[in-house]
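S.K.: Fit chain to chain and form the complex, with the hints in mind.
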Amino acid sequence: MTPRALSDMTKARTFLGYLRADGGVGVRNYLLVLSITGLTGPVARRVARALPGARLVTMPYGGGLLGEDRAVHLRALAGFGRNPNVGAVLLIGSDPPKVAALAGEIRAAGKPVAAVCLDDCGHDALTLTDRALRAGARLHREISRQRRQPAPLSALFVGAECGRSDPSSGIAANPLIGSVADSVVGLGGRVVFGETLEWLGAAHLLARRAATPEVAAALLQAVLRREAVATRQGLDLLGDNPGPTNIAAGLSTIEEKSLGAIAKSGTAAIAGVLGIGEAPPAPGLYAMDAPAYSPESLSGFVAAGAQILLFSTGVGNSYVSTLAPTIKLSANPEAARTLAEQLDFDASALFEGRQTIGDATAALLDVVVDVASGTLTWGEVLDEGDEVVSRLGEAL
Amino acid sequence: MTTGTGALAVPARPQPLADALQLHAGDNVATALRALAAGEAARVGGGGHDLQVGLSQAIPLCHKFALVAIAAGAVVTKYGEPIGRATRDIAPGEHVHVHNLVSARAEDGGS
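Listed in order, the protein sequences are those of chains A and B.
Counting from 33, one number per residue, gives the positions in the first sequence under this note's numbering.
Counting from 583, one number per residue, gives the positions in the second sequence under this note's numbering.
Keep in mind that the hints were calculated from the coordinates and are not lab data.
Among the hints, a few may not be true.
Short derived list, chain A residues pointing at chain B, Cβ under 10 Å [unchecked claim]:
#, residue
1, A248
2, T277
3, G292
4, I294
From the structure, some residues in chain B lie toward chain A, with a derived Cβ separation under 7 Å [said to hold, decoys possible]:
#, residue
5, P598
6, L599
7, A600
8, G627
9, C644
10, H645
11, L649
12, T659
13, Y661
14, E663
15, I665
16, L683
Glycine residues also receive a C-beta, built at the ideal position from the N, C-alpha and C atoms.
Only chain B is shown next, with the shape it has when bound in the complex (with noise of 0.2 Å):
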């Protein structure tokens, strides 16, 4: 993971290993690890597999973007499991938050 220099190596800070975190094989959003720029190739870790999103926007920490295309009603899943759904087309790199996803609960009015 780090790059040794000889005798004179000094314990490196790991490089990121990734920039998002997709809490489940499965999910469509991955979560952003650090403030992510419009334009940026964002390396997303976790699932198990490589996968590289470019950003349509930028990303705050901590918000998600979408791995994949997701169609408008469309289930939004983070941690394998459905968070609300999409209530319009969300392109893959596009951030998702309110404005683009809703509770499933506010949808049937409570469960």
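Here chain A stands alone, though its shape is the one from the complex (with noise of 0.2 Å):
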């Protein structure tokens, strides 16, 4: 938590990861049981409780979708397989073709993948769970044979995040987040911020970063389409923004407001701009058009293979990804003194003035790199992660 230099694996640009068949690099080595319908959900639990260690996303529902909430469904799916931090699969799930075509997709990033079928199974609960349970031991086996090896941070997949912010957060903790981003991208890495609600008021401002002028134009057009949204459902995002608890906090304008929120991307140029669970086709800094939620931002950005999450908060927030480890800061005092157990990073020097952008900068890029090479964060420790993908439509 306190200050110190940068540790010699940050001198020497690299961390201690798992190498992946497809190039990745994961900063875990996990076995992911992966339910992708809401009939298998309860086997999956069941089966993820029997292997200690294993990661579990569940899919709440699956039958019936359509069009653009179908495609993030499946691409969701498929990228939390492909996420580098995921180092082998079992997918559990109810219709064979379903399932065969995602464990094709997964296993083209050269990932082992076990999959099993309810309809397999004579629909019974207990002989899936028996499959699973030996097909997850042997996978979840397997994989323990992997060890961490040095890593370029250029490997590195960072999403930003922000979620329960206070005024210290747009002065201290997301500048701060930012300028780390900047050192990604600037080591060859990638990084990704989302949110695009947070964009109003000062989307123009964030085209003139693009890097070229089709980015640009679907900056703006992402947050005209969601303010357009709002307004079919009778929403002025912009009549009273700043609200008036914003306006005694300081904040004058909504270009200043989102500034603060925006000020997590850094300054480097934006590469693209990425759908829900978009994987970015080459490193630097993306910006992905998604809903603000925390939980459905988080997911979207470990689904487009993040490894490892930036998120600040003012006054707390305790939620993280169950796949991504979630660096929590805050750069309020009394925060970082009353969520000890929940603050991985205490940036409170900033604001307080006691500390340089720079060598809080150089602290949290260490943090990244210790994190990276296996160190636990809070979320990790108490188990706090989920991931939950956004759905966009009606189903049938």
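M.R.: See the structure below:
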């Protein structure tokens, strides 16, 4: 928690990770128990409990999805399986063709996958449990043979998020994440930020950072589209924004409020706008057009392949990803004092004028490298994580 | 940063380097890191250069004050980006908020 000199590994621009067949590097080596339908969630929970250390992700729906909703659902499932933090996947589903298609997509990343289907078990949950547990146990043992090896920091893909912000977020914690994001991009890594709603009123400023005119247009379009969604529901997002609480806290304009949130993205050029769970095609900084709610936002990053998340909060926010270690930081001195088992990084020295942004950046980057190499976050220790995939439309 | 006092040195809480933060070197406002009193000479950090600004008004925590004279109609910048326009002349050390700063978006009737 205390600022310190850069670790030798940070200086050497390496971390210790799990090298994957597709060139990715995991910061964890999880067996993922992935239930892809609501029907198989209870079996998946039973199996995951029986395999300590396995990570559980259950999709509570599955049938009758349409259009973009269906596309996001399938992309997220494949993305969780392909995330470098996952060493092997136990797929549990109902319908054999759907399970086989997904297994094929994940195997294409060179990853061991075992698939079991309710249809093949006479729709007997106990038979499914037996087969899934045996298959999962074999995978779990198999991936335990893997060892961490030095990997370049350019292999990192970091997601930037904020939740339950307060005035310290926009002034200290978010600019600090942005500064680390600049470092990661500068080292050849990938960074993604999302929460489209928070670009409101500053989209034109964000667009000036776009790498191409097409990206600029996509950024502006993303905000307009979300504004239109709100308008259709009778909401006026700009009418009273910043609101009285914001104004009392010192925020004067919507641009200022949004820039405080966008500060998480740093200053690099924006290489592209991604859909929910869409993997970036190359290194650099990306914007994900997605809901701002943290569980959905984080899962979008993880499905896109982010191995590690930087999550700023003002007054505290316990939620983390289950597949990507989530480094929680706050610059609020009170939160830093009272949430010692939630916050992985205390940025209050920056907010109190006791530390420079440069020193804080070095210290946080060091924590990123440390966590990437295996040190547990509080969210991992306490198992606060989950994955939640956005629904974008009605099902049949 | 801390001053040791021989063998009995205890880790002292480092003294603040700054009373306010300039989030980008080109910004014409800074944000107060504590409640600042009228008449104080605020030490402004973050911009990569030492700056002291005498405050003509009290500045609440996280509120902004002008680092330089900002003419009516001029762009106010924070994070190196425009956050709106001054609606009247603002002197260095003066509070900058909704009474003298308006969103460019509100001014244009939206964008």
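S.K.: All hints are to be evaluated individually against the structure, with a verdict given for each.
M.R.: Each hint tested on the structure:
1. A248: violated, 14 Å
2. T277: This interface hint is violated because 12 Å lies over the 10 Å limit.
3. G292: holds, 8 Å
4. I294: Hint on A:I294: holds, closest Cβ of chain B at ~8 Å, below 10 Å.
5. P598: Result: holds, 4 Å to nearest chain A Cβ.
6. L599: Hint on B:L599: holds, closest Cβ of chain A at ~6 Å, below 7 Å.
7. A600: holds, 4 Å
8. G627: With a minimum Cβ separation of about 6 Å from chain A (threshold 7 Å), the hint on B:G627 holds.
9. C644: holds, 4 Å
10. H645: At 4 Å from the nearest chain A Cβ, B:H645 passes the 7 Å test, so the hint holds.
11. L649: At 15 Å from the nearest chain A Cβ, B:L649 fails the 7 Å test, so the hint is violated.
12. T659: Because about 10 Å separates B:T659 from the closest Cβ in chain A, which is outside the 7 Å limit, the hint is violated.
13. Y661: Where the cut-off is 7 Å and the nearest Cβ of chain A is about 5 Å from B:Y661, the hint holds.
14. E663: Constraint on B:E663 satisfied, holds at 5 Å.
15. I665: holds, 4 Å
16. L683: holds, 5 Å
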